Amino acid sequence: SLLSLCWMYICLVTFNDREDIRLLKLQNIFFSAQIFLFFGVIFVAFGITGISLQWQQEWPTVPLSLQATAPFLQFGAVGALTLLSSFVFHGFDRAKTAGSKALIASAFVVVSAAIFLCPLFIQSPCLIAPSDLPDKPKLIGHRGAPMLAPENTMMSFDRSIACGVTAFETDVQLSKDRIPFLMHDSGSDFLMRTTNVKEKFPDKRFSHSANLTWEELQRLNAGEWFLKTDPFRSVSQLTEEEKETAKNQSIPSLLQLLVLAQQRNISVIFDLYSPNQEGDTNDTVSTILDSGIDPSLILWLPPAERDTVILTAPGFIQVYKSETKMFDKGGNHLNVKYSNLSTEKIRELRRKNVTVNLWVVNDRWLFSLLWCAGVSSVTTNSCHQFQAMEHPDWVMAHGRYNTIWIIVDALSCLIMTGLYICQR
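First residue of the sequence shown? That's 1 in UniProt numbering, and the numbers climb one at a time after it.
Calculated directly from the structure, the hints in this document are not laboratory data.
In this text the structure is predicted, and so the values were computed from the model without any measurement.
Only true hints are included.
Here are the simulated EDC-like pairs of lysine to aspartate or glutamate, each with C-alpha atoms no more than 20 Å apart in a straight line:
1) Lys204 to Glu216
2) Lys337 to Asp171
3) Lys198 to Glu216
4) Lys325 to Asp271
5) Lys243 to Asp158
6) Lys228 to Glu241
Please construct the entire structure, taking both the sequences and the accompanying hints into account.
This is the structure in structure tokens:
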């Protein structure tokens with residue numbers, strides 16, 4: 001039971017990365033009624049180990065989550081200990097030998113001490129005075145608003161504007177005739193997931209963007225897949241008019257997004273999937289400069305040919321994926337996965353006036369924790385959910401928490417003492 005509860009907790013806190021996790025395809029296995037419980041536990045342990053190996057990148061989320069949940073888990077553990085103490089006392093009284101009594105008493109004291117005193121080791125950025133709470137992180141729309149519209153389409157970016165995003169996050173590739181367009185999937189998965197390329201070109205397979213011209217790309221539908229697969233189980237929230245709009249989406253060019261960004265004064269940050277690094281970078285920079293967008297709205301993330309980009313477009317804001325490279329280049333904008341920075345590191349960087357953006361943050365508890373830590377912005381699929389949040393899920397002054405902790409522990413000790421006396 002304890003093993004199952006721990007695993008349920010881990011699954012819950014790693015739900016933020018549900019779209020990135022590849023679940024194992026498990027076959028149905030039947031056991032006869034005579035199999036011993038021991039072998040069942042061994043099987044479960046091996047199963048969890050196997051899945052854990054597949055989820056290695058998600059494990060850092062677990063200690064991070066404890067910063068959000070540990071204060072309340074401790075209160076729950078105290079309550080459980082108090083309720084179970086009656087059974088422990090009963091077992092202690094029924095023990096026939098002094099050795100058995102000593103073992104039960106020792107185990108109970110050790111467990112109780114661990115539960116009662118663990119708040120001494122609890123660290124959470126949300127244990128601060130409400131007056132010290134940092135500003136709410138800005139929102140960056142991950143491929144627009146992919147829960148409300150097909151990702152990387154103009155509808156998706158339009159929907160993200162309604163969420164109050166300060167930047168559009170997208171992915172850029174170049175067509176055969178050198179037109180930058182928006183598409184995330186590349187390599188063998190290029191166009192397969194988010195377009196009807198199988199229907200339009202049934203006898204062809206495309207491995208990268210340079211296989212098709214811009215005119216050919218424009219013939220593809222980039223919205224029907226969203227209604228069919230319902231990737232975020234959110235299609236039911238759309239009106240019939242919105243579903244019709246989603247159904248008719250096409251692949252947008254980078255220029256289309258730049259025009260929208262300029263009109264709305266919203267920044268643009270993107271990954272560049274580039275088989276031809278130098279040529280693709282130059283053509284992308286030229287497209288941006290020719291669009292007339294304010295250069296300060298471009299958050300330049302691709303590391304390839306960065307020095308050339310700095311010379312060609314000095315107005316772009318340079319964003320780095322590595323803290324070391326950022327400081328080496330004299331930069332002050334960092335973009336990394338949320339689990340790659342501790343909350344203390346976030347605070348340290350913010351004290352150095354580094355703008356920190358973390359991706360991809362989708363769950364309330366995680367957004368709340370990073371808000372308390374003082375992160376500058378988050379890239380998210382859930383901009384419509386975070387927009388309405390006026391404060392983190394919880395904030396508590398450390399002194400107040402200590403007072404509650406001591407009171408809860410003291411009450412538990414009194415109740416357990418009463419239970420022990422009543423059972424004697």
